[in-house]
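Residues per chain, in single letters:
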Amino acid sequence: MAFVRRWVFFTLAPCAVLALAYLPPRGVTSNGKSVFVGQSQHATRARQHAQALAEEWRNADAAVRLLEDRQRVRRDVTRSSPTIVFRGATLPPRAVRNVETVMDSVWRALGLGETKVRVTLVIELQRPTGSADSPTPLQDRVAYLTPDSTDRTTCMASLPAGPYWTLVILGKRDARHEGFGRFAQWLQAGLGPCAFYAAYGTPGRPVGSWLAARNWDVGLYLGSHGIAGERFSSLDLMGNPSSPWYWDRVYAFPAATVACLAGRPSGCRAAVLAGAPEERTIPIPNVVLVERRWWRVQNLLPGERYLGDVARTVGRDRFLSFWTSGQPVDTALAAALNRPVGEWTADWERGFVRPIRLGPTPPFGAAVIAMAIAVLVLTVVAATASRRQVR
Amino acid sequence: MRAILVLLAILAMPSAMPGQQRWERQVQERVQRAIAAVGTSSRPAVVTRSGMLNTDEEASFRTTLVEHVSYAIVAVCDDDCSRLQLTLLSPSGSDIAKERNSESLPTLHFTAETTANYGIRVVMEGCRWNPCWYAIAVVPLRKLPS
Chain A
1 MAFVRRWVFF TLAPCAVLAL AYLPPRGVTS NGKSVFVGQS QHATRARQHA QALAEEWRNA
61 DAAVRLLEDR QRVRRDVTRS SPTIVFRGAT LPPRAVRNVE TVMDSVWRAL GLGETKVRVT
121 LVIELQRPTG SADSPTPLQD RVAYLTPDST DRTTCMASLP AGPYWTLVIL GKRDARHEGF
181 GRFAQWLQAG LGPCAFYAAY GTPGRPVGSW LAARNWDVGL YLGSHGIAGE RFSSLDLMGN
241 PSSPWYWDRV YAFPAATVAC LAGRPSGCRA AVLAGAPEER TIPIPNVVLV ERRWWRVQNL
301 LPGERYLGDV ARTVGRDRFL SFWTSGQPVD TALAAALNRP VGEWTADWER GFVRPIRLGP
361 TPPFGAAVIA MAIAVLVLTV VAATASRRQV R
Chain B
1 MRAILVLLAI LAMPSAMPGQ QRWERQVQER VQRAIAAVGT SSRPAVVTRS GMLNTDEEAS
61 FRTTLVEHVS YAIVAVCDDD CSRLQLTLLS PSGSDIAKER NSESLPTLHF TAETTANYGI
121 RVVMEGCRWN PCWYAIAVVP LRKLPS
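Chains A and B supply the protein sequences, listed in that same order.
For the first sequence, position 47 matches number 47 in the numbering used here, and the numbering has no gaps at all.
For the second sequence, position 37 matches number 37 in the numbering used here, and the numbering has no gaps at all.
I should point out that these hints are in silico values taken from the structure, not numbers from a laboratory.
Note that beta-carbon positions come from the ideal geometry of N, C-alpha and C, so glycine has one too.
Be aware that a few hints might be false.
To be clear about the criterion: a stretch of chain A counts as covered by chain B if any three or more of its residues have a C-beta under 8 Å from a C-beta of chain B, and this derived list gives those stretches [what the hints assert, rightly or not]:
1. 49-61
2. 333-340
Among the chain B residues that face chain A by a calculated CB cut under 7 Å, a handful are [claimed, not checked]:
3. ARG22
4. VAL47
5. THR48
6. THR55
7. PHE110
8. ASN130
9. PRO131
On the chain A side, residues computed to face chain B include the following (Cβ under 10 Å) [stated by the list, open to error]:
10. VAL96
11. LEU110
12. GLU291
13. ARG312
14. THR313
15. GLY326
16. ASP330
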């Protein structure tokens with residue numbers, strides 16, 4: 001009996017070892033450690049506190065500056081496209097005209113003309129670092145001030161240019177080599193929610209509340225191309241599915257987002273309607289601050305273009321019915337899509353990514369090797385057993 | 001006579017102000033036409049207010065109505081507005097009359113029994129593309145014999 005137990009142990013133990021070695025960590029939650037760590041996680045408590053305070057100050061400062069700009073900036077009534085204001089440096093008139101020309105073509109490409117809600121784009125050119133007694137102003141986050149009851153017809157966008165685009169705008173980099181196409185894409189992406197306000201006006205209360213609850217992650221980009229290139233979307237930022245960090249990135253998203261990536265309509269529905277049941281009061285002023293790494297906090301991938309794609313699919317009239325509807329978001333969206341939200345979204349998702357496989361599925365190669373070893377072990381056991389002689 | 005009044009009103013219309021949006025001009029033209037259409041004694045003067053509202057938002061203002069004068073209170077809105085509600089409020093704030101059946105051109109007729117400060121409230125019940133512009137005119141028609 002002890003002999004049989006030993007054989008069973010020696011058969012199963014290698015199988016267990018192989019399973020541990022080969023089965024990928026699917027179906028488990030992320031350990032929270034990511035290879036995409038840009039900042040040291042070992043700051044002291046005092047430093048973390050100081051950084052948090054500086055972050056709050058930057059956010060408040062950005063909101064105040066947007067409010068001041070909304071009051072101060074005089075609209076250019078001769079142009080239907082956004083009024084552009086530059087901060088941080090005085091530009092020569094030619095540089096201003098160049099940017100305005102690109103913006104005019106972006107505006108036309110979006111199919112926009114005279115709009116009820118007008119957009120003012122504040123381009124923050126790169127400044128030298130601030131003095132030691134105050135944090136550097138917000139220079140790397142896009143911020144939007146949406147229309148409210150104090151000004152129903154202005155949407156403000158604050159777009160930090162960073163060192164690269166600052167040089168292009170100032171004419172210190174040759175635009176022929178940098179390409180106005182990329183500059184136009186950058187400007188178009190910078191319009192963010194303001195592009196939706198311009199195209200479709202102020203959303204009704206349910207849609208406005210839903211978008212505020214999820215920080216506009218499904219309405220960051222109105223254009224028909226990718227946010228940073230012809231077909232480039234937030235999905236591309238996840239990397240190659242064969243990379244070891246891909247699954248770590250996948251499981252950093254909420255369960256509904258992952259289910260939607262797997263092509264499950266119920267998951268897609270939950271991912272789209274996240275935040276919809278919350279009846280939240282939209283604050284005044286309503287400043288939308290887009291996360292630095294916005295693609296990591298999406299509920300839907302590539303969520304930044306979701307509403308833009310819905311609008312292009314259903315047409316202006318049906319999209320406006322959804323946008324201004326007083327009905328709950330799921331009802332209004334399903335009516336506009338003329339299909340259940342989950343089904344439509346699952347089809348939309350398949351247009352960008354092949355559905356991922358969920359669950360503890362072993363890779364094919366690992367399964368073959370494990371089976372081969374198991375067959376070998378069983379053959380050896382059977383051969384040994386057949387030679388045994390009972391005396 | 002009415003045709004002449006309409007013609008005069010159109011001629012007297014202010015030309016498009018620079019910076020005015022298309023929808024703002026639209027409601028200004030409409031309210032002038034409405035004033036001309038209902039006719040006015042022009043004493044006391046016509047009161048007009050305009051602004052913009054999103055769906056389900058409301059705005060109100062107060063105006064003095066003179067006793068024994070018959071008034072037409074007219075509200076107009078832009079092309080994207082589908083339903084506008086107009087309410088006349090007493091000086092104490094209670095509803096006197098409400099018009100919500102005329103979709104985008106609600107009109108109230110009222111003769112004040114006493115000179116007082118009355119309220120007028122407008123509710124944007126349907127706007128296809130927010131915000132929708134509206135304008136209200138309080139038009140004195142004639143003074144009734146006391």
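Checked hints:
1. A count of 0 residues in the stretch 49-61 of chain A with a Cβ less than 8 Å from any Cβ of chain B is obtained; the coverage claim is therefore unmet, three being the minimum.
2. Judged by the Cβ-Cβ criterion of 8 Å, the stretch 333-340 of chain A is not covered by chain B as claimed, because only 0 of its residues qualify and three are needed.
3. Evaluation of the ARG22 of chain B hint against chain A yields a held restraint, the C-beta minimum of about 6 Å falling below 7 Å.
4. Interface restraint check: VAL47 of chain B against chain A, minimum CB-CB distance 23 Å, threshold 7 Å, status violated.
5. At about 19 Å, the closest approach between the beta carbon of THR48 of chain B and any beta carbon in chain A exceeds 7 Å, and the interface hint on this residue is violated.
6. A distance limit of 7 Å between C-beta atoms decides the matter here; for THR55 of chain B the minimum to chain A is near 6 Å, and the interface restraint holds.
7. Taken as an interface hint, PHE110 of chain B does not check out: its beta carbon lies about 29 Å from the nearest beta carbon of chain A, beyond 7 Å.
8. At a threshold of 7 Å, the smallest CB-CB gap from ASN130 of chain B to chain A is about 4 Å, leaving the interface hint in force.
9. Given hint, PRO131 of chain B at the interface with chain A, holds; its Cβ is 4 Å from that chain's nearest Cβ, closer than 7 Å.
10. Annotation: interface hint on VAL96 of chain A violated; nearest CB of chain B at approximately 21 Å, more than 10 Å.
11. Look at LEU110 of chain A: its Cβ only gets to about 16 Å from chain B, farther than 10 Å, so that hint breaks.
12. Annotation: interface hint on GLU291 of chain A violated; nearest CB of chain B at approximately 27 Å, more than 10 Å.
13. Annotation: ARG312 of chain A was flagged as interfacial toward chain B, and the flag is violated, the nearest CB pair being 18 Å apart, outside 10 Å.
14. Checking THR313 of chain A against chain B by beta carbon gives a least distance of about 19 Å; that is not within 10 Å, so the hint is violated.
15. A cut of 10 Å between beta carbons decides the hint on GLY326 of chain A: the least distance to chain B is about 7 Å, and the hint holds.
16. Below 10 Å, beta-carbon pairs count as interface contacts, and ASP330 of chain A has none with chain B, the closest being about 19 Å; its hint is therefore violated.
Hint compliance for this structure: hints 1, 2, 4, 5, 7, 10, 11, 12, 13, 14, 16 are not met, and every other hint is.
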